[in-house]
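Participant: Sequence:
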Amino acid sequence: MTNKFRTMLLAGAMLAAPLPAAVLAQEAPAAETVAQDAATPADAETEAALANAKAKMQKEMDAAIALVEKMFDTSDLPPIEPARLTLAERTTAALIPDGSLEKMMDNLYGKMLRTILEETGGNSDLSLSIKTGVESDRIAALDADTKNAVADLFDPHRKEREDQVMKVIRPLISEALADLEPPMRAGLAKAYARKFSAGQLTELNAFFATPAGQSYAGESLALQADPEVMLAMMKAVPPLVTKFIDRAPTIEGQLKELPKEKGLADLSDTEMNKLAKLMKVDVQTLKDNRDMWSEAATETEAVEAAPSDDWSGSDEAADAAADGAEAAVAADAADAAAAAADAAIDDPAYDRGNWSEADRQRVEQLEEAASNASSAAFDAQEEAVANARKKTPSTD
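Under the working numbering, the first residue of the sequence shown carries the number 1, and numbering increases by one thereafter.
Simulated from the structure, these hints should not be mistaken for laboratory data.
Hints may be right or wrong, so weigh each one.
Listed below are the simulated SDA-like cross-link pairs for lysine to any residue, each with C-alpha atoms no more than 25 angstroms apart in a straight line [as the list claims (entries may be wrong)]:
| no. | residue 1 | residue 2 |
| --- | --- | --- |
| 1 | 131 | 151 |
| 2 | 262 | 182 |
| 3 | 287 | 213 |
| 4 | 59 | 49 |
| 5 | 56 | 355 |
| 6 | 70 | 205 |
| 7 | 159 | 180 |
| 8 | 190 | 213 |
| 9 | 287 | 298 |
| 10 | 54 | 171 |
| 11 | 262 | 365 |
| 12 | 195 | 205 |
Could you build all of it, start to finish, from the sequences and the hints given here?
Facilitator: Given below as C-alpha coordinates:
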(Lines of atoms letter the chains of each structure in order from A and count residues from 1; the text may use other names and numbers.)
(Lines give C-alpha, C1' and ligand atoms only; values in the text may rest on other atoms or scores of the structure.)
Protein backbone atom coordinates (compact mmCIF):
# COMPACT_ATOMS: atom_id res chain seq x y z
CA MET A 1 0.00 0.00 0.00
CA THR A 2 1.47 3.32 -1.01
CA ASN A 3 2.00 6.11 1.48
CA LYS A 4 -0.49 8.32 -0.36
CA PHE A 5 -3.24 5.69 -0.23
CA ARG A 6 -2.50 4.99 3.43
CA THR A 7 -2.72 8.71 4.14
CA MET A 8 -6.12 8.92 2.47
CA LEU A 9 -7.40 6.04 4.60
CA LEU A 10 -6.08 7.45 7.85
CA ALA A 11 -8.96 9.87 8.50
CA GLY A 12 -11.53 7.11 7.97
CA ALA A 13 -9.63 4.80 10.27
CA MET A 14 -9.72 7.42 13.01
CA LEU A 15 -13.53 7.51 12.89
CA ALA A 16 -13.75 3.78 13.57
CA ALA A 17 -11.03 3.77 16.24
CA PRO A 18 -13.33 3.52 19.30
CA LEU A 19 -14.81 0.21 18.14
CA PRO A 20 -11.55 -1.70 17.62
CA ALA A 21 -10.38 -0.27 20.91
CA ALA A 22 -13.41 -1.76 22.60
CA VAL A 23 -12.68 -5.17 21.15
CA LEU A 24 -9.06 -5.01 22.25
CA ALA A 25 -10.14 -4.06 25.73
CA GLN A 26 -12.03 -7.33 26.05
CA GLU A 27 -8.81 -9.26 25.59
CA ALA A 28 -6.62 -6.92 27.63
CA PRO A 29 -4.32 -8.71 30.11
CA ALA A 30 -4.63 -8.12 33.81
CA ALA A 31 -2.72 -5.19 35.29
CA GLU A 32 -0.33 -7.38 37.28
CA THR A 33 0.55 -9.32 34.13
CA VAL A 34 1.45 -6.11 32.35
CA ALA A 35 3.60 -5.07 35.27
CA GLN A 36 5.47 -8.37 35.20
CA ASP A 37 6.01 -8.16 31.46
CA ALA A 38 7.33 -4.62 31.81
CA ALA A 39 10.19 -5.90 33.90
CA THR A 40 11.48 -8.30 31.25
CA PRO A 41 14.80 -7.68 29.42
CA ALA A 42 12.88 -7.15 26.17
CA ASP A 43 11.43 -3.94 27.59
CA ALA A 44 14.03 -1.75 25.89
CA GLU A 45 13.32 -3.32 22.51
CA THR A 46 9.59 -2.94 23.07
CA GLU A 47 9.97 0.73 23.95
CA ALA A 48 12.15 1.30 20.90
CA ALA A 49 9.61 -0.42 18.66
CA LEU A 50 6.82 1.64 20.23
CA ALA A 51 8.78 4.84 19.69
CA ASN A 52 9.37 3.92 16.05
CA ALA A 53 5.71 3.07 15.57
CA LYS A 54 4.64 6.38 17.14
CA ALA A 55 7.10 8.31 14.97
CA LYS A 56 5.82 6.55 11.86
CA MET A 57 2.20 7.18 12.83
CA GLN A 58 2.97 10.84 13.53
CA LYS A 59 4.52 11.16 10.09
CA GLU A 60 1.46 9.61 8.47
CA MET A 61 -0.89 11.85 10.47
CA ASP A 62 1.12 14.90 9.44
CA ALA A 63 0.77 13.79 5.83
CA ALA A 64 -2.98 13.26 6.30
CA ILE A 65 -3.36 16.73 7.81
CA ALA A 66 -1.36 18.22 4.94
CA LEU A 67 -3.70 16.48 2.49
CA VAL A 68 -6.77 17.85 4.30
CA GLU A 69 -5.24 21.34 4.33
CA LYS A 70 -4.72 21.03 0.59
CA MET A 71 -8.32 19.93 0.02
CA PHE A 72 -9.79 22.67 2.22
CA ASP A 73 -7.30 25.45 1.58
CA THR A 74 -8.40 28.76 3.14
CA SER A 75 -5.30 30.81 2.36
CA ASP A 76 -7.05 32.69 -0.45
CA LEU A 77 -10.07 33.70 1.67
CA PRO A 78 -10.35 37.32 2.81
CA PRO A 79 -9.58 38.12 6.47
CA ILE A 80 -12.43 38.02 8.98
CA GLU A 81 -13.50 41.17 10.78
CA PRO A 82 -12.52 40.81 14.47
CA ALA A 83 -15.89 42.14 15.68
CA ARG A 84 -17.81 39.65 13.55
CA LEU A 85 -15.56 36.80 14.70
CA THR A 86 -16.29 37.72 18.32
CA LEU A 87 -20.02 37.51 17.63
CA ALA A 88 -19.56 34.18 15.86
CA GLU A 89 -17.55 32.79 18.78
CA ARG A 90 -20.48 33.60 21.05
CA THR A 91 -22.79 31.79 18.61
CA THR A 92 -20.70 28.64 18.45
CA ALA A 93 -20.23 28.63 22.22
CA ALA A 94 -24.01 28.28 22.44
CA LEU A 95 -24.21 25.67 19.68
CA ILE A 96 -21.35 23.55 21.05
CA PRO A 97 -21.54 23.80 24.85
CA ASP A 98 -19.22 21.70 26.98
CA GLY A 99 -20.14 18.03 26.70
CA SER A 100 -22.25 18.38 23.55
CA LEU A 101 -19.97 16.21 21.42
CA GLU A 102 -20.08 13.48 24.04
CA LYS A 103 -23.86 13.66 24.07
CA MET A 104 -23.96 13.33 20.28
CA MET A 105 -21.48 10.46 20.19
CA ASP A 106 -23.29 8.70 23.02
CA ASN A 107 -26.41 8.68 20.84
CA LEU A 108 -24.39 7.05 18.09
CA TYR A 109 -21.46 5.08 19.51
CA GLY A 110 -23.04 4.33 22.87
CA LYS A 111 -26.01 2.54 21.35
CA MET A 112 -23.87 1.11 18.55
CA LEU A 113 -21.31 -0.32 20.95
CA ARG A 114 -23.96 -1.85 23.20
CA THR A 115 -25.69 -3.39 20.19
CA ILE A 116 -22.43 -4.83 18.89
CA LEU A 117 -21.65 -6.31 22.29
CA GLU A 118 -25.12 -7.86 22.41
CA GLU A 119 -24.84 -9.29 18.88
CA THR A 120 -21.28 -10.58 19.22
CA GLY A 121 -21.03 -11.12 22.97
CA GLY A 122 -20.65 -14.41 24.77
CA ASN A 123 -24.36 -15.24 24.65
CA SER A 124 -24.94 -14.38 20.99
CA ASP A 125 -25.97 -17.08 18.53
CA LEU A 126 -22.74 -16.60 16.59
CA SER A 127 -20.51 -16.84 19.64
CA LEU A 128 -22.25 -19.92 21.04
CA SER A 129 -22.14 -21.62 17.64
CA ILE A 130 -18.40 -21.02 17.37
CA LYS A 131 -17.74 -22.28 20.89
CA THR A 132 -19.93 -25.37 20.74
CA GLY A 133 -19.98 -26.30 17.05
CA VAL A 134 -23.78 -26.46 17.14
CA GLU A 135 -25.60 -24.92 14.17
CA SER A 136 -26.65 -21.32 14.78
CA ASP A 137 -30.26 -22.01 13.76
CA ARG A 138 -30.59 -24.55 16.58
CA ILE A 139 -29.07 -22.06 19.01
CA ALA A 140 -31.50 -19.39 17.79
CA ALA A 141 -34.36 -21.64 18.94
CA LEU A 142 -33.12 -21.54 22.55
CA ASP A 143 -34.63 -19.04 24.98
CA ALA A 144 -32.57 -16.18 26.42
CA ASP A 145 -32.11 -17.81 29.85
CA THR A 146 -30.70 -20.98 28.27
CA LYS A 147 -28.30 -18.99 26.11
CA ASN A 148 -27.10 -17.06 29.15
CA ALA A 149 -26.60 -20.30 31.08
CA VAL A 150 -24.52 -21.77 28.24
CA ALA A 151 -22.46 -18.59 27.95
CA ASP A 152 -21.86 -18.55 31.71
CA LEU A 153 -20.37 -22.04 31.51
CA PHE A 154 -17.65 -20.71 29.22
CA ASP A 155 -17.21 -17.35 30.96
CA PRO A 156 -18.67 -16.92 34.45
CA HIS A 157 -17.37 -13.32 34.44
CA ARG A 158 -18.99 -12.46 31.13
CA LYS A 159 -21.18 -9.65 32.43
CA GLU A 160 -18.34 -8.07 34.38
CA ARG A 161 -16.14 -8.31 31.29
CA GLU A 162 -18.71 -6.57 29.09
CA ASP A 163 -19.27 -3.88 31.71
CA GLN A 164 -15.51 -3.42 31.91
CA VAL A 165 -15.39 -2.60 28.22
CA MET A 166 -17.78 0.29 28.74
CA LYS A 167 -15.95 1.46 31.86
CA VAL A 168 -12.56 1.42 30.14
CA ILE A 169 -13.57 2.86 26.79
CA ARG A 170 -16.11 5.49 27.88
CA PRO A 171 -13.64 7.73 29.79
CA LEU A 172 -11.19 7.60 26.88
CA ILE A 173 -13.89 8.67 24.43
CA SER A 174 -15.08 11.42 26.79
CA GLU A 175 -11.55 12.77 27.12
CA ALA A 176 -10.98 12.71 23.36
CA LEU A 177 -14.28 14.45 22.62
CA ALA A 178 -13.59 17.12 25.24
CA ASP A 179 -10.29 17.81 23.49
CA LEU A 180 -12.09 18.13 20.15
CA GLU A 181 -14.66 20.69 21.26
CA PRO A 182 -12.43 23.84 21.46
CA PRO A 183 -10.95 23.48 17.94
CA MET A 184 -14.38 22.59 16.57
CA ARG A 185 -15.86 25.73 18.14
CA ALA A 186 -13.00 27.82 16.75
CA GLY A 187 -13.39 26.44 13.23
CA LEU A 188 -17.17 26.79 13.28
CA ALA A 189 -16.85 30.38 14.53
CA LYS A 190 -14.76 31.28 11.48
CA ALA A 191 -17.28 29.59 9.19
CA TYR A 192 -20.19 31.45 10.81
CA ALA A 193 -18.30 34.75 10.64
CA ARG A 194 -17.87 34.29 6.89
CA LYS A 195 -21.43 33.12 6.19
CA PHE A 196 -23.44 35.50 8.37
CA SER A 197 -23.39 39.26 8.79
CA ALA A 198 -22.85 40.97 12.12
CA GLY A 199 -26.57 41.75 12.29
CA GLN A 200 -27.56 38.13 11.65
CA LEU A 201 -25.11 36.85 14.26
CA THR A 202 -26.49 39.36 16.77
CA GLU A 203 -30.02 38.08 16.15
CA LEU A 204 -28.88 34.47 16.51
CA ASN A 205 -27.16 35.24 19.80
CA ALA A 206 -30.26 37.00 21.06
CA PHE A 207 -32.34 33.92 20.25
CA PHE A 208 -29.85 31.60 21.93
CA ALA A 209 -30.11 33.73 25.05
CA THR A 210 -33.82 32.89 25.38
CA PRO A 211 -35.01 29.69 27.11
CA ALA A 212 -36.16 28.21 23.79
CA GLY A 213 -32.90 29.19 22.11
CA GLN A 214 -30.80 27.71 24.90
CA SER A 215 -32.73 24.45 24.69
CA TYR A 216 -32.34 24.29 20.92
CA ALA A 217 -28.64 25.18 20.91
CA GLY A 218 -27.85 22.63 23.59
CA GLU A 219 -29.55 19.79 21.71
CA SER A 220 -28.95 20.70 18.05
CA LEU A 221 -25.67 18.81 17.74
CA ALA A 222 -26.82 15.72 19.62
CA LEU A 223 -30.02 15.56 17.57
CA GLN A 224 -27.98 14.88 14.43
CA ALA A 225 -27.20 11.43 15.87
CA ASP A 226 -30.64 10.87 17.39
CA PRO A 227 -31.98 7.33 16.84
CA GLU A 228 -34.93 8.70 14.85
CA VAL A 229 -32.55 10.50 12.47
CA MET A 230 -30.15 7.57 12.14
CA LEU A 231 -32.99 5.09 11.53
CA ALA A 232 -34.61 7.31 8.91
CA MET A 233 -31.28 7.77 7.13
CA MET A 234 -30.55 4.04 7.09
CA LYS A 235 -34.03 3.21 5.78
CA ALA A 236 -33.48 5.68 2.95
CA VAL A 237 -30.37 3.83 1.73
CA PRO A 238 -31.98 0.76 0.04
CA PRO A 239 -34.15 2.86 -2.34
CA LEU A 240 -31.07 4.87 -3.28
CA VAL A 241 -29.12 1.70 -4.01
CA THR A 242 -32.01 0.31 -6.07
CA LYS A 243 -32.20 3.54 -8.04
CA PHE A 244 -28.53 3.34 -9.00
CA ILE A 245 -28.83 -0.36 -9.88
CA ASP A 246 -31.77 0.39 -12.18
CA ARG A 247 -29.80 3.13 -13.87
CA ALA A 248 -26.62 1.05 -14.19
CA PRO A 249 -27.07 0.17 -17.92
CA THR A 250 -27.67 3.81 -18.82
CA ILE A 251 -24.74 5.00 -16.73
CA GLU A 252 -22.48 2.32 -18.20
CA GLY A 253 -23.43 3.35 -21.72
CA GLN A 254 -22.75 7.00 -20.99
CA LEU A 255 -19.38 6.22 -19.46
CA LYS A 256 -18.41 4.17 -22.52
CA GLU A 257 -19.07 7.09 -24.88
CA LEU A 258 -15.55 8.41 -24.36
CA PRO A 259 -12.56 6.52 -25.79
CA LYS A 260 -10.67 4.27 -23.39
CA GLU A 261 -7.65 5.62 -21.56
CA LYS A 262 -4.41 5.12 -23.45
CA GLY A 263 -1.55 2.95 -22.30
CA LEU A 264 2.10 3.17 -23.28
CA ALA A 265 1.46 0.73 -26.12
CA ASP A 266 -1.09 3.13 -27.62
CA LEU A 267 1.26 6.13 -27.80
CA SER A 268 3.00 7.11 -31.00
CA ASP A 269 6.73 7.85 -31.11
CA THR A 270 5.92 11.56 -31.07
CA GLU A 271 3.77 11.13 -27.98
CA MET A 272 6.46 8.99 -26.35
CA ASN A 273 9.03 11.74 -26.92
CA LYS A 274 6.63 14.29 -25.47
CA LEU A 275 5.97 12.06 -22.46
CA ALA A 276 9.69 11.55 -21.84
CA LYS A 277 10.24 15.30 -21.99
CA LEU A 278 7.40 16.01 -19.57
CA MET A 279 8.58 13.37 -17.10
CA LYS A 280 12.27 14.22 -17.58
CA VAL A 281 13.20 10.60 -18.27
CA ASP A 282 14.98 8.84 -21.12
CA VAL A 283 12.54 7.96 -23.91
CA GLN A 284 14.20 4.56 -24.26
CA THR A 285 13.15 3.69 -20.70
CA LEU A 286 9.53 4.30 -21.62
CA LYS A 287 9.89 2.32 -24.85
CA ASP A 288 11.46 -0.60 -22.99
CA ASN A 289 8.55 -0.65 -20.55
CA ARG A 290 6.09 -0.44 -23.44
CA ASP A 291 7.73 -3.31 -25.31
CA MET A 292 7.96 -5.47 -22.17
CA TRP A 293 4.25 -5.11 -21.39
CA SER A 294 3.30 -5.58 -25.04
CA GLU A 295 5.24 -8.84 -25.20
CA ALA A 296 3.55 -10.08 -22.02
CA ALA A 297 0.12 -9.24 -23.41
CA THR A 298 0.95 -10.95 -26.73
CA GLU A 299 2.07 -14.12 -24.97
CA THR A 300 -1.13 -14.17 -22.93
CA GLU A 301 -3.29 -13.79 -26.03
CA ALA A 302 -1.32 -16.50 -27.85
CA VAL A 303 -1.83 -18.99 -25.03
CA GLU A 304 -5.55 -18.26 -24.84
CA ALA A 305 -6.03 -18.41 -28.61
CA ALA A 306 -4.13 -21.72 -29.04
CA PRO A 307 -6.46 -24.37 -30.60
CA SER A 308 -7.27 -27.56 -28.78
CA ASP A 309 -7.88 -30.95 -30.38
CA ASP A 310 -10.14 -32.05 -27.56
CA TRP A 311 -12.83 -29.38 -27.18
CA SER A 312 -14.77 -31.57 -24.75
CA GLY A 313 -12.23 -30.88 -22.04
CA SER A 314 -11.30 -27.37 -23.09
CA ASP A 315 -13.11 -25.61 -20.28
CA GLU A 316 -11.70 -27.94 -17.65
CA ALA A 317 -8.18 -27.66 -19.06
CA ALA A 318 -8.45 -23.90 -19.31
CA ASP A 319 -9.69 -23.67 -15.74
CA ALA A 320 -6.90 -25.92 -14.51
CA ALA A 321 -4.29 -23.94 -16.41
CA ALA A 322 -5.71 -20.68 -15.14
CA ASP A 323 -5.74 -21.96 -11.57
CA GLY A 324 -2.14 -23.11 -11.89
CA ALA A 325 -1.04 -19.83 -13.41
CA GLU A 326 -2.90 -17.82 -10.80
CA ALA A 327 -1.38 -19.92 -8.02
CA ALA A 328 2.11 -19.43 -9.42
CA VAL A 329 1.61 -15.71 -9.86
CA ALA A 330 0.12 -15.42 -6.39
CA ALA A 331 3.04 -17.32 -4.86
CA ASP A 332 5.58 -15.18 -6.70
CA ALA A 333 3.72 -12.02 -5.73
CA ALA A 334 3.54 -13.12 -2.10
CA ASP A 335 7.26 -13.89 -2.02
CA ALA A 336 8.07 -10.58 -3.65
CA ALA A 337 5.77 -8.69 -1.32
CA ALA A 338 7.26 -10.39 1.74
CA ALA A 339 10.79 -9.65 0.58
CA ALA A 340 9.90 -6.06 -0.17
CA ALA A 341 8.19 -5.67 3.21
CA ASP A 342 11.22 -7.07 5.05
CA ALA A 343 13.52 -4.79 3.13
CA ALA A 344 11.27 -1.79 3.69
CA ILE A 345 11.24 -2.34 7.45
CA ASP A 346 15.02 -2.44 7.69
CA ASP A 347 15.91 0.09 5.01
CA PRO A 348 14.61 3.69 5.27
CA ALA A 349 15.44 4.09 1.58
CA TYR A 350 12.17 2.26 0.84
CA ASP A 351 10.23 5.05 2.56
CA ARG A 352 8.87 7.15 -0.30
CA GLY A 353 9.06 10.20 1.90
CA ASN A 354 12.84 9.98 1.53
CA TRP A 355 12.73 9.84 -2.27
CA SER A 356 13.23 12.76 -4.59
CA GLU A 357 10.13 14.16 -6.23
CA ALA A 358 11.35 13.01 -9.65
CA ASP A 359 11.99 9.44 -8.48
CA ARG A 360 8.67 9.24 -6.70
CA GLN A 361 6.74 10.51 -9.74
CA ARG A 362 8.58 8.08 -12.02
CA VAL A 363 7.74 5.11 -9.80
CA GLU A 364 4.09 6.14 -9.43
CA GLN A 365 3.76 6.67 -13.19
CA LEU A 366 5.19 3.22 -13.86
CA GLU A 367 2.94 1.68 -11.19
CA GLU A 368 -0.06 3.26 -12.83
CA ALA A 369 1.10 2.06 -16.24
CA ALA A 370 1.59 -1.45 -14.86
CA SER A 371 -1.91 -1.40 -13.42
CA ASN A 372 -3.32 -0.28 -16.77
CA ALA A 373 -1.37 -3.01 -18.57
CA SER A 374 -2.67 -5.62 -16.14
CA SER A 375 -6.24 -4.44 -16.70
CA ALA A 376 -5.75 -4.51 -20.46
CA ALA A 377 -4.39 -8.06 -20.29
CA PHE A 378 -7.36 -9.17 -18.21
CA ASP A 379 -9.81 -7.53 -20.66
CA ALA A 380 -8.03 -9.23 -23.57
CA GLN A 381 -8.25 -12.58 -21.78
CA GLU A 382 -11.98 -12.19 -21.14
CA GLU A 383 -12.57 -11.18 -24.75
CA ALA A 384 -10.55 -14.15 -26.03
CA VAL A 385 -12.48 -16.56 -23.82
CA ALA A 386 -15.79 -15.09 -24.96
CA ASN A 387 -14.79 -15.37 -28.62
CA ALA A 388 -13.64 -18.96 -28.16
CA ARG A 389 -16.93 -19.91 -26.55
CA LYS A 390 -18.87 -18.39 -29.44
CA LYS A 391 -17.01 -20.65 -31.87
CA THR A 392 -17.12 -23.73 -29.67
CA PRO A 393 -20.31 -25.66 -28.82
CA SER A 394 -21.04 -25.95 -25.12
CA THR A 395 -20.25 -29.31 -23.47
CA ASP A 396 -22.94 -28.87 -20.79
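Participant: Could you run down the list of hints and mark each one as holding or not?
Facilitator: Checked hints:
1. 131 with 151: Within the cut-off at roughly 9 angstroms; holds.
2. 262 with 182: Between residue 262 and residue 182 the Cα gap is close to 49 angstroms, so the pair fails against 25 angstroms, i.e. violated.
3. 287 with 213: violated (69 angstroms)
4. 59 with 49: Holds, at about 15 angstroms.
5. 56 with 355: holds (16 angstroms)
6. 70 with 205: Status violated; Cα separation ~33 angstroms.
7. 159 with 180: Since the Cα atoms of residue 159 and residue 180 sit roughly 32 angstroms apart, the hinted pair is violated (cutoff 25 angstroms).
8. 190 with 213: Within the cut-off at roughly 21 angstroms; holds.
9. 287 with 298: holds (16 angstroms)
10. 54 with 171: Roughly 22 angstroms separates the two Cα atoms, so the pair holds.
11. 262 with 365: Given that 25 angstroms is the threshold and the Cα spacing comes to 13 angstroms, the pair holds.
12. 195 with 205: Given pair residue 195, residue 205 holds - Cα atoms ~15 angstroms apart, limit 25 angstroms.
In this structure, the hints that do not hold are numbers 2, 3, 6 and 7, in rising order.
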